[in-house]
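Participant: Build out the structure end to end from the sequences listed, making use of the hints.
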Amino acid sequence: MFPAPSVILFTTLSGAGYGMAAVAGLLAALQPGLIDSLALPAMALSLGLIVTGLLSAVAHLGRPARAWRALSQWRSSWLSREGVMALVGFGPISGFAVAWLFPTVDLGPLGLWGIASAIVSVGTLFTTAMIYQSLKPIAQWHHSLVVPGYLILGPMTGALVIQALIAAHGRVPASISLIAVTLVVASVVVKTAYWYSIDTQRPRSTASALGLGNVTASSMEWPHTEENFLLKEMGFVIARRHARRLRHMAAALGGVGPIVLTVMAMSFEGAIVGWACGLAAVLALAGVGIERWLFFAEARHTVALYYGRYPT
Amino acid sequence: MTDLPAAGGKKLGLVIDLDTCVGCHACVTNCKEWNTGGHMAPLTDVNPYGAGADGVWFNRVHTYEIAPDGDPEAGCGRTLHFPKSCLHCETPDCVTVCPTGASYKRASDGIVLVDEAKCIGCKLCAWACPYGAREFDVFDGVMKKCTLCIDRIYNENLEDADRVPACVATCPTSARHFGDLGDPTSAVSRLVADRGGIELMPDLGYRPVNRYLPPRAKHTATPATPSRQDSVTGDRLWAMLDRLLSR
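Chains as they are written, first to last, in this note's numbering: chain F, 37 to 348; chain P, 6 to 252.
Note that these hints are calculated values from the structure, not bench results.
Honestly, I wouldn't trust all of these hints.
Quick list of simulated restraints, FRET-style, between CB atoms [unchecked claim]:
no.: 1; chain 1: F; residue 1: 39; chain 2: P; residue 2: 74; range: 47 to 57 Å
no.: 2; chain 1: F; residue 1: 41; chain 2: P; residue 2: 207; range: 54 to 64 Å
no.: 3; chain 1: P; residue 1: 111; chain 2: F; residue 2: 278; range: 22 to 32 Å
no.: 4; chain 1: P; residue 1: 212; chain 2: F; residue 2: 274; range: 43 to 53 Å
no.: 5; chain 1: F; residue 1: 307; chain 2: P; residue 2: 122; range: 33 to 43 Å
Here are the simulated SDA-like pairs of lysine to any residue, each with C-alpha atoms no more than 20 Å apart in a straight line [as the list claims (entries may be wrong)]:
no.: 6; chain 1: F; residue 1: 172; chain 2: P; residue 2: 96
no.: 7; chain 1: P; residue 1: 123; chain 2: F; residue 2: 98
no.: 8; chain 1: F; residue 1: 268; chain 2: P; residue 2: 49
no.: 9; chain 1: F; residue 1: 268; chain 2: P; residue 2: 55
no.: 10; chain 1: F; residue 1: 268; chain 2: P; residue 2: 143
no.: 11; chain 1: P; residue 1: 37; chain 2: F; residue 2: 222
no.: 12; chain 1: P; residue 1: 15; chain 2: P; residue 2: 198
Negatives, chain F to chain P, calculated, CB over 12 Å [what the hints assert, rightly or not]:
no.: 13; residue: 44
no.: 14; residue: 73
no.: 15; residue: 103
no.: 16; residue: 245
no.: 17; residue: 274
no.: 18; residue: 277
no.: 19; residue: 288
no.: 20; residue: 315
Owing to the predicted nature of the structure, the values given are computational and were not obtained by experimental measurement.
Quick reminder that beta carbons are idealized off the backbone N, C-alpha and C, glycines included.
Facilitator: Structure follows, in C-alpha cells:
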C-alpha cells in the first residue's frame with residue numbers, strides 16, 4: 037500500500053495527541069495533583085496535535101469540502117465511526133481541559149472528566165485501527181495485532197511527551213517515567229510480534245487470485261503499459277532488505293532510545309533530565325513515523341497479484 | 006445507504022469464458038468509449054499521449070502464462086487472457102466501508118454503483134475491493150467504477166439486442182455473457198452450471214456475482230493408439246485368431 041504522507045502524519049500526530057489526553061486523564065483520576073502545573077501546555081499540545089492530524093487526514097480526501105458527509109454511515113463504516121468518535125471526543129477532552137485549567141469553575145470531579153477523556157481517546161484510536169484491521173484484501177492489516185499496535189503506540193508517545201513537558205518544568209515523578217517505559221516496552225513487544233507474524237504469513241498466489249487450482253500463473257502482459265491508479269495506490273513494493281533496515285531504525289528510535297533516555301533521566305538530576313526527556317519524546321515520534329510508513333509499505337493488497345507484482 | 010440490501014432476487018452480472026477469450030481488448034475499448042459518455046462520465050485520462058499515460062478504465066484484460074504445478078517446463082504451458090471488471094458482489098465491503106453512503110448496492114438488480122455527488126474521495130472502497138474494480142478520478146476527486154452499463158441495459162431507445170453491457174455487445178468471440186445469475190434457469194446460470202463457473206477468491210467472503218468459465222482441458226496432440234493390452238472382451242475372437250496365426 038502506498039505510504040501517503042498525510043495519513044502517516046495523521047495517525048502519528050493525532051495518535052500522540054489522543055495518547056496525551058488518555059494518559060493525562062488517567063493520571064488526573066488516579067493520582068490527583070501529580071501534574072497540575074501542566075494543564076495548559078499538556079492540553080494545548082494534545083488538542084493541537086489531534087486537530088493537526090485530523091486536518092491532515094481531511095486534506096488527503098479528493099473532495100475535502102464534503103468531509104462532513106463521512107459522519108453519516110457509522111452503522112457500517114469504521115471510517116465514519118472514526119469521524120464520529122473524533123468529533124464526539126472533543127466534548128470530554130475539552131471538558132477535561134477546562135476542568136483541569138480552571139479548578140474554580142464547578143464542572144464536577146476532575147477525575148471523572150479525566151476518565152471520560154481517556155475513554156474517548158482510546159476509543160478513537162480503536163476506530164482508526166479498525167479501519168485497517170477490517171480490510172480483508174490486505175493480509176498484513178487484517179491481523180489481530182493491528183489494533184493493539186495503535187492502542188499502545190499512541191499512549192506511548194503521549195506519555196513520553198507528557199514526561200518531556202514535566203521535565204521542562206522540574207522533577208519528573210518516578211511513576212510517570214515508569215508508565216512511559218512500560219508503554220515503550222509494550223510497543224516494542226507488540227510490533228516485534230507483528231513483524232514476525234507477517235513475515236511468516238503464507239502469501240496468496242496469482243493462480244489462486246484467478247480462481248485456478250494446481251497451476252502456476254505468471255503475468256505475461258499487463259492490461260496497460262504504465263502504472264495506473266491501482267498500482268500507484270495499492271501496488272507499492274518495498275525491498276525486504278530496506279524493510280528490515282527501517283524496522284531496526286523504528287525500534288531504535290521508538291524503543292531503545294526512549295528507554296535508555298528515560299532511565300537516564302531517572303538516575304540523574306539537573307538540566308540533562310529535561311534534554312533527555314525531550315529527546316526521548318522526539319525520537320519516539322520519529323520512530324512511530326517510520327513504523328507507520330512501514331505499516332503501509334509492507335502491506336500487500338490482493339490486486340497486485342493480478343499484476344504478478346509479489347513473489348510467491 | 007451503505008447497508009446492503011437483503012439477499013435474494015435479481016443478480017445481474019457477467020459470465021466470462023476464459024476458454025474463448027482471445028485477449029483482443031475490444032471489450033476494454035468499447036467500455037471506455039461508451040462509459041466516457043455514460044452514467045459515470047467522463048473517464049478521464051492523464052497524459053494520454055505522453056509518458057506516464059494513466060486514466061480511468063472500468064475493464065482491464067490481463068494476460069498470463071499458465072503452467073501445471075510442480076513442472077513449469079513440462080511443455081503444457083498455455084496463454085490465458087483474463088478480463089477483469091467489477092464483479093458486483095453480493096456482500097461487497099466496498100459498499101459497507103463507505104463513510105458517506107456514496108457507494109451503494111441496488112436492491113432491484115444487485116448492481117453496485119457510486120453516487121458521485123456524495124463521494125469524498127477517501128479511496129477506502131478501492132482498498133476494500135480485493136479485485137481492483139474501482140479506479141479513482143484525479144480530476145473529479147471521486148471514485149469511479151463499472152455500472153454494468155445501466156444506461157444501456159434499461160435503455161428503451163436501443164434495440165433489444167443492444168440492451169447488454171458495452172463489453173458484452175462488442176466481444177467478437179462471444180466470450181462475455183450477461184444475465185440474471187439470481188435466476189437458476191437463466192442462460193448464464195445454466196452456462197455456469199454446465200462449465201463449472203468459478204468465483205474469484207471465495208474465501209474472502211465477498212460472494213462475487215460474476216463468474217469465470219475455466220479454460221477447457223487441453224486436447225492431446227497425438228491420438229491414442231490402442232495397444233494389445235487395450236483389447237476389450239468383445240475382441241476375443243480376434244485375439245484367438247491372432248494367437249493361432251502367431252504360432
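Participant: Now look at each hint and say whether the structure bears it out.
Facilitator: Going down the list of hints, with the structure as the test:
no.	hint	in the structure
1	39(F) x 74(P): 47 to 57 Å	35 Å, violated
2	41(F) x 207(P): 54 to 64 Å	36 Å, violated
3	111(P) x 278(F): 22 to 32 Å	45 Å, violated
4	212(P) x 274(F): 43 to 53 Å	32 Å, violated
5	307(F) x 122(P): 33 to 43 Å	59 Å, violated
6	172(F) x 96(P)	13 Å, holds
7	123(P) x 98(F)	12 Å, holds
8	268(F) x 49(P)	17 Å, holds
9	268(F) x 55(P)	18 Å, holds
10	268(F) x 143(P)	12 Å, holds
11	37(P) x 222(F)	52 Å, violated
12	15(P) x 198(P)	18 Å, holds
13	44	15 Å, holds
14	73	40 Å, holds
15	103	6 Å, violated
16	245	6 Å, violated
17	274	18 Å, holds
18	277	26 Å, holds
19	288	30 Å, holds
20	315	36 Å, holds
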